[in-house]
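Peer 1: Listed here are the chains, written in short residue letters.
2 protein chains.
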Amino acid sequence: MKDGKIAIGVLGVDHRHIYGMLEGMLGAGCVAVAWWTQGEPLPLAGFVKRFPDLPRVADKRAILEDSSVDLVLIACVPSDRAALAIEAMHHGKDVMLDKPGCVSAAELAALRAAQAETGRIWSVDFSERFEVPAVTKAAELVAQGAIGHVVSTTGLGPHRHNPQTRPPWFYSRKGTGGILCDIGSHQIDQFLFFTGSDDAEIVSATSANLAHREFPDFEDFGEIVLKSANGRGYIRVDWFTPDALPNWGDGRLFLTGTEGTIELRKYVDVGGAAGTDHLFLVNKTRCERIDASGAGTPYFAKLAADVRDRTQTAMKQNHAFKATELALEAQRLAEVTAGYKR
Amino acid sequence: MKDGKIAIGVLGVDHRHIYGMLEGMLGAGCVAVAWWTQGEPLPLAGFVKRFPDLPRVADKRAILEDSSVDLVLIACVPSDRAALAIEAMHHGKDVMLDKPGCVSAAELAALRAAQAETGRIWSVDFSERFEVPAVTKAAELVAQGAIGHVVSTTGLGPHRHNPQTRPPWFYSRKGTGGILCDIGSHQIDQFLFFTGSDDAEIVSATSANLAHREFPDFEDFGEIVLKSANGRGYIRVDWFTPDALPNWGDGRLFLTGTEGTIELRKYVDVGGAAGTDHLFLVNKTRCERIDASGAGTPYFAKLAADVRDRTQTAMKQNHAFKATELALEAQRLAEVTAGYKR
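Read top to bottom, the protein sequences are chains A and B. So for the first sequence, this note's numbering puts the first residue at 1472; every next one is plus one. So for the second sequence, this note's numbering puts the first residue at 1472; every next one is plus one.
Please keep in mind that the hints were generated in silico from the structure rather than gathered at the bench. Treat the hints with care, as some may be off.
All copies of an identical chain are treated as equivalent in the list; a pair is satisfied when it fits inside any one copy or across any two copies.
[As the list claims (entries may be wrong)] Derived lysine to any residue pairs resembling SDA-like cross-links, with alpha carbons at most 25 Å apart:
no. : residue 1 : residue 2
1   : K1793     : S1675
2   : K1755     : R1736
3   : K1698     : E1672
4   : K1476     : K1787
5   : K1698     : A1679
6   : K1698     : E1806
7   : K1755     : Q1635
Keep in mind the model is a prediction, meaning the values are calculated, not measured.
One chain only, chain A, in its complex shape:
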């Protein structure tokens, strides 16, 4: 704590997601203390521009050993995240990571053990839920019973490839954990959340390089079918966002309920309304577009409360682990199915 506020340290700015992670926590009333990163990753310039007064430290121990730091935000290269999170938890810090929270089953087991041993919070900022007001609004509507029980979710997550901004690790299976582990994990999180499932089974999974042969270790397409006792889910992720789209991806979420449907056009409504966070609700009596841009992103304030109160309101601890476990399992199954040798 610092001046009565939750104090934040940043470890790793290798992914631009760190901007939203830190902005979210500052917006929730926390205070940032310092940041550290290895080398000079591309997102560094944008980080310094956004947080010009935050001091950089040359040694991560300056953050890990600072007893005032409550919560560490981690956005280093994905394959380094587990080790850093474990180190931070053993230093008594709660952690919030960019997705994917780790890239292997062995790392996940070690994270679970470290979390159980230390009692720290291990949270993953699934930004396609936690940083999207339309998802907040959808969650409210579902909780109110607006569409009955959610029996099916369909999540479409196209992403812009943007090769000029990508570091070498982005093109390596080892660096990202694969497309399902990486951007697929967002969608698994949403399936579990909206169907109210504590667990699920991967029915089928695919990952492939369909059109980027110049990057042989890269996967540009993935899909997952999964199911739980409560519902069924389909996930498609890809790196095929076309150039003319005014945003990084036309992310969609379709919820089919027993008494209605919700569609989210999270980031753009092609040929339609301006802005973001377009929600479309149809049920017994309503058939309408809802501007959900003002619904907020309560994850950050809830996480701050959890850090203070030792609660699990932002996301159940087991949910973070389970979503990650299922993403890893989907990736493994996709690779077995494709006959990859890793």
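Chain B: place on chain A using the hints.
Peer 2: Chain B alone, transformed into the frame defined by chain A:
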């Protein structure tokens, strides 16, 4: 032929799809001769209202043995379609059927044998492609290379349950062949067509009764993952269209190409533009809504030409069989996976 025009007979008006089938062929310059159906199915009143001057015959032989009849349209109960189509082909008639074209692998084998023996056309009016101008427009854009190679299709086919209009066979697995065989076949047709595939493999398939336990032999939800050498496909079909939707279903088709994307909102644009046939194109230079309602439905005129010229321009004969075969295979796999005993 009658007065130099292709002559049509109608066998079975058990599904409202017969309206569009006959209207389509009349619009293509054909002439209708007579219709027959067993009993008094619900769609009969609407049929008589639309085609008041067309005579009903009490015995189907009056149509089958009328040498002027070139093409028979079949929309009887699905489980009766194969036998009727085989009988018609053996009487020298080409046939166009409502989907599903048949409900079992044994029927399909018999249909293939009868078609090969007689050289007649066995066509299925996959109305979610052939009666949708937006699909015509999408096909034109894909053929022009507007989105590169199609690597993925996602077809969402929610349907309105409308129990007050449904006959008993609708609720029977035997009557419809199951949800994947029935409304799933539309989507398989579109996958094969847009990926340019002659064949495909069913990766996984699900059919289930999630929320209509009062109809124990009914399936209200189905999904299929399939793949070919050219691309991947996902299909979701259900009977969960909410009451307030101003149409029978918010049918969607998403095409992901190597250089762009197309989305179709075929029948309705919730909270958006009025009318039908909304196409959304994004590629390197374009990001726009296209009103595709004027793109036409060339299937019918092409089928009339095929009847006259013994060609396969409306749909390759093998495509009709293959789409049906894959729908049956998906249904079989779904039932094996679920442990159903049929």
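Peer 1: Taking the hints in turn, state whether each one holds.
Peer 2: Outcome of the hint check:
1. K1793 / S1675: both (17 Å within a copy, 23 Å between copies)
2. K1755 / R1736: Both, since 21 Å and 21 Å are each at most 25 Å.
3. K1698 / E1672: both (5 Å within a copy, 21 Å between copies)
4. K1476 / K1787: Intra 23 Å, inter 70 Å, cutoff 25 Å: intra-copy only.
5. K1698 / A1679: Result: close both inside a copy and across copies, 22 Å intra and 12 Å inter.
6. K1698 / E1806: Both: 20 Å inside a copy, 16 Å across copies.
7. K1755 / Q1635: Between copies only: 17 Å across, 48 Å inside.
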